[in-house]
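Peer 1: With the hints in hand, could you dock these two chains into one complex?
Sequence order for the protein chains is A and B. Taking our numbering, I'd label the letters of the first sequence as residues 1 to 364. Taking our numbering, I'd label the letters of the second sequence as residues 365 to 658.
What the hints contain is simulated information worked out from the structure, not anything from laboratory work. Please note that the accuracy of each hint is not assured.
Stated by the list, open to error - Below, a list of computed lysine to any residue pairs in the SDA-like style, where the Cα atoms sit at most 25 Å apart:
{"no.": "1", "chain 1": "B", "residue 1": "K554", "chain 2": "A", "residue 2": "R75"}
{"no.": "2", "chain 1": "B", "residue 1": "K570", "chain 2": "A", "residue 2": "E161"}
{"no.": "3", "chain 1": "B", "residue 1": "K554", "chain 2": "A", "residue 2": "H226"}
{"no.": "4", "chain 1": "A", "residue 1": "K58", "chain 2": "B", "residue 2": "L571"}
{"no.": "5", "chain 1": "A", "residue 1": "K162", "chain 2": "B", "residue 2": "Q651"}
{"no.": "6", "chain 1": "B", "residue 1": "K570", "chain 2": "A", "residue 2": "R79"}
{"no.": "7", "chain 1": "B", "residue 1": "K570", "chain 2": "A", "residue 2": "H226"}
{"no.": "8", "chain 1": "A", "residue 1": "K34", "chain 2": "B", "residue 2": "Q651"}
{"no.": "9", "chain 1": "B", "residue 1": "K554", "chain 2": "A", "residue 2": "S99"}
{"no.": "10", "chain 1": "A", "residue 1": "K269", "chain 2": "A", "residue 2": "L257"}
{"no.": "11", "chain 1": "B", "residue 1": "K570", "chain 2": "A", "residue 2": "K269"}
{"no.": "12", "chain 1": "B", "residue 1": "K554", "chain 2": "A", "residue 2": "L257"}
{"no.": "13", "chain 1": "B", "residue 1": "K554", "chain 2": "A", "residue 2": "E105"}
{"no.": "14", "chain 1": "A", "residue 1": "K162", "chain 2": "B", "residue 2": "R440"}
{"no.": "15", "chain 1": "B", "residue 1": "K554", "chain 2": "A", "residue 2": "K269"}
{"no.": "16", "chain 1": "A", "residue 1": "K162", "chain 2": "B", "residue 2": "L571"}
{"no.": "17", "chain 1": "B", "residue 1": "K570", "chain 2": "A", "residue 2": "I139"}
{"no.": "18", "chain 1": "B", "residue 1": "K570", "chain 2": "A", "residue 2": "V136"}
{"no.": "19", "chain 1": "A", "residue 1": "K162", "chain 2": "B", "residue 2": "E555"}
{"no.": "20", "chain 1": "A", "residue 1": "K141", "chain 2": "B", "residue 2": "R440"}
{"no.": "21", "chain 1": "B", "residue 1": "K570", "chain 2": "A", "residue 2": "G138"}
{"no.": "22", "chain 1": "B", "residue 1": "K570", "chain 2": "A", "residue 2": "N109"}
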Amino acid sequence: MINGQASIEIRDLYKIFGRSPEQHVGRVRSGLSKAELGKVHGHILGLNNINISMPAGKIQVIMGLSGSGKSTLIRHINRLIEPTFGSIMIDGRNILEMSELELREFRRNKTAMVFQRFALLPHRTVLDNVIFGLEVRGIDKARSRAIGMRWIERVGLVGFEKRYPEELSGGMQQRVGLARALSNDASILLMDEAYSALDPLIRTDMQTMLLELQAELKKTVVFITHDLDEALRLGDQIVILRDGSIIQQGHSQDILLNPADDYIERFVKDVNRARFLKVDAVMEPIPPSVNRSLPTLMSGSTLETAAVELTNSPSYEATVVDSAGKPLGAVSLRKITAAMSSAIAKHEAMKRDVAIDAVDACDR
Amino acid sequence: MEWLFKFPQLDADFLLTIKRATDGSLRSITRLYGDTIENFFYPLQQVLIFFEDIITGSPWPLVIVVLAGVAWFAARRWSVVAAVVGTLIAIGLLGLWQDAMKTISLVFTATVFSIALGMPLGIFMNRFQRVGAVIETVLDVMQTMPPFVYLIPVVMLLGIGRVPGFIAVVIYAVPPIIRLTDLGIRLVDKEVLEAADAYGCSRGQKLWKVQMPLAMPTIMAGVNQTIMMALGMVVIASMIGVQGLGLNVLQAIANQYFTQGIFNGFAIVGIAIIFDRTSQAYGRRLQMRQATRA
Ligand SMILES: Nc1ncnc2c1ncn2[C@@H]1O[C@H](COP(=O)(O)OP(=O)(O)OP(=O)(O)O)[C@@H](O)[C@H]1O
Ligand SMILES: [Mg+2]
Chain A
1 MINGQASIEI RDLYKIFGRS PEQHVGRVRS GLSKAELGKV HGHILGLNNI NISMPAGKIQ
61 VIMGLSGSGK STLIRHINRL IEPTFGSIMI DGRNILEMSE LELREFRRNK TAMVFQRFAL
121 LPHRTVLDNV IFGLEVRGID KARSRAIGMR WIERVGLVGF EKRYPEELSG GMQQRVGLAR
181 ALSNDASILL MDEAYSALDP LIRTDMQTML LELQAELKKT VVFITHDLDE ALRLGDQIVI
241 LRDGSIIQQG HSQDILLNPA DDYIERFVKD VNRARFLKVD AVMEPIPPSV NRSLPTLMSG
301 STLETAAVEL TNSPSYEATV VDSAGKPLGA VSLRKITAAM SSAIAKHEAM KRDVAIDAVD
361 ACDR
Chain B
365 MEWLFKFPQL DADFLLTIKR ATDGSLRSIT RLYGDTIENF FYPLQQVLIF FEDIITGSPW
425 PLVIVVLAGV AWFAARRWSV VAAVVGTLIA IGLLGLWQDA MKTISLVFTA TVFSIALGMP
485 LGIFMNRFQR VGAVIETVLD VMQTMPPFVY LIPVVMLLGI GRVPGFIAVV IYAVPPIIRL
545 TDLGIRLVDK EVLEAADAYG CSRGQKLWKV QMPLAMPTIM AGVNQTIMMA LGMVVIASMI
605 GVQGLGLNVL QAIANQYFTQ GIFNGFAIVG IAIIFDRTSQ AYGRRLQMRQ ATRA
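The shape of chain B in the complex, shown without the other chains (with noise of 0.2 Å):
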């Protein structure tokens, strides 16, 4: 009866030998291309660096009056602008600024990212259906596995550092941008495509002119998605040698600092507010434009 309770597993020296063929075969490529890997993500760590660099670099008031900015542009409502001054002043006196300018200049880079690799293969997926369907399976799993697995193979062929911690939250965060920019397009009116077929568009006229402006609304509520998938992965990132707010929560927790993690973790709350607003009201004044095909 013993076989009953114990599950007829594979043999455990051939689930060895395929861990052991795996692990060494990252790490020979890691050893053998390692210091090409590096050069190629050299120009996103400047790139990394020179955000950061900007953001902690400038005077608090600067950095306060353009963020208000952006936000007043961005929902145009005295109460988005309000709330965001609010929150920045309160991370301020907390003694959270510098640290608070990090995680902001690391979402900010890792949205921007997620943008511009996300709205592509989003359109691609519309285009090709077919493949399409594989992507969005991918998409699936990605969106379930547990974030922690994502840092291990970025770790062993990138080590410890603020690159890797970049990779690990773009490829936690990119899979709203790609799906809500795919959905968006097919969501446009029937009728309207057929008026850009009517009047000869050709197809990345259609694409350009028509399908994406509409779709517009959908893929904000997307990069919506995505920054906050991105703060959310802040703290894991920080175990791998990100700074910012997610490591001093990760500090919180080791050595049981209950106020520390508050306090942080208010703050990344409050950033997720102020992204969340500006862009949420961004994407509402978009689709007020849009009402009218209901």
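For reference, chain A alone in the conformation it holds in the complex (with noise of 0.2 Å):
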């Protein structure tokens, strides 16, 4: 079912919006910025030195603000926009020097796309908007309905597959442009703000459904999304992109623990650190001195699940073991405290000083 994994390697892509481009790509590479390069020359920098290595199998967040530049990056990588300058490799394949029968071919095999505001053909059934990847890559009525059907049920349509678009709610559409994905049996998935139309229950179900989607099937996905509680929830490694450079990109633990700039603490600060970080971030090496006894604690659990079961248990020391209870870490509780708090703590500090500066500002 798995149609071979891709990597994608994103290197040195520029991408200017504009008359002409190519005579400015000089310029930006060289280091002419943003705002110059719109108020001087009346071009926009939409994508400015972009290098991400995306592993195969894994899930790749994107996250930004508008107009960071989420969906010009996304739309390099099936090429719906070219880029001015960079290469983007694809299992080892460049996509920029494909011709326009190749390009064809590849998004027909190798990619599937779901849109922020669904996409579907509201002239077509659920059914037929499932296969459409399908139909366009000719594969006969019979065979891609069967395959159609298996997805509608997968994504939990069964039933509406002979309905409109219209006469479902957003929720249900979405789950239609995911099954039309999925149909395509594409190595990568796009999702660009997939979800960010829904409303919030129903957006965790589907970011449930992606993930337990994702456990079995083992996709390229570049996931977009301008929310940090979705990005560290679904996302193996994280790209924060702003004014289309990126500037951190890397495990969600570690921007967790360590944000690159101001722009990202924000983004940061309000996020529940005992739901996302996991042991594995904060734990240290066994000490020599193994004590037998310790609890265990799985391997990828959450701070907050680990600070309960520790309080719960005699000891305030536990042993991190992966799911065949090989010994990885050991963890304290203190350290887990410290870790949870540490961004409130962070957070009080810096509403200290906003007071303070409101006072000051007073005082003057």
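Peer 2: In structure tokens:
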């Protein structure tokens, strides 16, 4: 069922919008800023020196505020947008060198996309929407219907296959969008703010469904969001964009623990760290005097669960073990609470600073 | 001061030469190729006669049932069907059945031809934006030109009769369908187009699986306008030999038969209502399917 796996390597990618982007790419590469390019030269810098390696079979999250270039970036991966400079290697193949025909084949077989506003075909039934990609590839009706029905079942829309998109709620429409993407059996799944138009509860359901599907399908998922909670929940790796540039990328745990600058700090500060940080991120090497009787914590459990378990156990320390029971490291309740609260502490300090500033301002 | 009140026009002889030369060459084309042109349009004439024979030769109850069926299929509303049947009966009672059938046949064939001609042109116009701008200008001129002017070259080339009348009607009625096909394709949601591209549609697949179906409600609005314009042209076309209700109106004008004019005028309005309600209701039904993307 899995159509291979694909890694994505983006190197030195630049995108300039405007009349003559090529003329300006040189100057941008030697440091011309987005603001200056806009004001002086009348061009918009969409993406600025993007380098990302997305490993095969993982969820890569791309985050950033509105206008930061997320949609522009994801549309380079299937070349809905042509770059001004750079290379995009997928499975070792530079997709920018593909001819129109090769590109079409590549899109048909290797990628599938889910859209923010669903982008379903209103004149087609749910089933006919789901098999759209298969139909475009010329797969015969009976077979594509069988495949389509399987995915309709998988996303929980059985009984709705003869309905039209307008008859479904937003959440259901996006399930159709997801089923359409999955029917394509492509190794790369591109999701541009796929859940942003859904309300919070349905959104959480859809996230859960994606994680379950991903555990089974192991696709290379590129997921765009401007919601950090969603990013942390889904993402193995996270890239944070601002004004078309990457300002931090890495493992979600790293970004939570060590935000690169104020911008990211502001993103991170309202997150419930206990729920997203994993014990793995705070564990230390097991001390040589191993105490066999220590309670164990599963690798990958959150600080929240770890804290609860430790509070209810006689010991303040625990061993982190993997699913096979092999010990990986050690954590203590003290360490866990410290990690949980460091952001709170920082946050409080910042509030205090603001308060002091305000008092200063009044004095003056 | 006289020059202020007399516009400095081109030399009268010069203008005369231009007019003579143009008309002369048109005439000589007719002389030289008259038969060829006529032969070329012979199949069209047969088609027109064929449709007219079918509809005028059918028993009237059958015609009513068929038209009511079409209305039901298009609109799925009893009110529309009732309006269609009522209008047809009224026309029949006024003794205008045969003429009305001729007119319906003409408008129907003219609409079919306009669609067959206009949709590809609209697609072409959309595909090649630059040529499209030229077509746009031509359409503007066509729609503003008084329709009588079309008649002259058509009559010069083809004489008087069914075919030239039909051609004049099509020329007059085709612009809306071209325009609205182009517009409809342009209005297709950008994200849906992106989806088509993202799933690897070829240009043809994109057009037939995505753009045309989504443009359909707009195109139907164009069809509706085309029908109305064809009907509007019926009276004028009767001046060059088209039979039917239009000819009766023309006679009524010439002879000052007020009542005949009114009756036939109302019959034309009735047919307009039939076509309009049916095609609009069909367009609305198409639209409803697509209401999601606002
Ligand atoms: N076709 C275009 N022409 C000119 N500028 C563009 C074009 N597409 C995008 N941009 C600009 O590039 C920048 C990034 O846009 P993009 O749509 O990628 O942002 P985004 O991060 O997806 O934002 P959002 O969260 O609102 O979807 C914006 O400043 C936008 O104005
Ligand atoms: Mg976007």
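Peer 1: Is the straight-line distance between the alpha-carbon of K162(A) and that of R440(B) 25 Å or less?
Peer 2: 20 Å, holds
Peer 1: Check the hint pairing K570(B) with E161(A) against an upper bound of 25 Å on the C-alpha distance.
Peer 2: Roughly 23 Å between the alpha carbons, so the hint for K570(B) and E161(A) holds.
Peer 1: Taking 25 Å as the top limit, are the C-alpha atoms of K34(A) and Q651(B) close enough?
Peer 2: Distance of about 43 Å is beyond 25 Å: violated.
Peer 1: Given the hint that K570(B) pairs with R79(A), does the C-alpha gap stay at or below 25 Å?
Peer 2: 17 Å, holds
Peer 1: Between the alpha carbons of K162(A) and E555(B), is the straight-line distance 25 Å or under?
Peer 2: Cα-Cα ~23 Å, so holds.
Peer 1: Assess, step by step, whether the Cα of K58(A) is no farther than 25 Å from the Cα of L571(B), and give holds or violated.
Peer 2: 35 Å, violated
Peer 1: What's the verdict on K570(B) and N109(A), does the C-alpha distance respect the 25 Å limit or exceed it?
Peer 2: It holds: about 17 Å lies between the C-alpha atoms, which stays within 25 Å.
Peer 1: CA of K570(B) to CA of K269(A), is that 25 Å or under?
Peer 2: 45 Å, violated
Peer 1: Does K554(B) pair with S99(A) here, judged by a C-alpha cut-off of 25 Å?
Peer 2: Given that 25 Å is the threshold and the Cα spacing comes to 24 Å, the pair holds.
Peer 1: Are the Cα atoms of K570(B) and I139(A) separated by 25 Å or less?
Peer 2: 17 Å, holds
Peer 1: Keeping to a limit of 25 Å between CA atoms, is the pair of K570(B) and V136(A) held or broken?
Peer 2: Cα-Cα ~9 Å, so holds.
Peer 1: Between the alpha carbons of K141(A) and R440(B), is the straight-line distance 25 Å or under?
Peer 2: Roughly 30 Å separates the two Cα atoms, so the pair is violated.
Hint compliance for this structure: hints 4, 7, 8, 11, 12, 15 and 20 are broken, all remaining hints hold.
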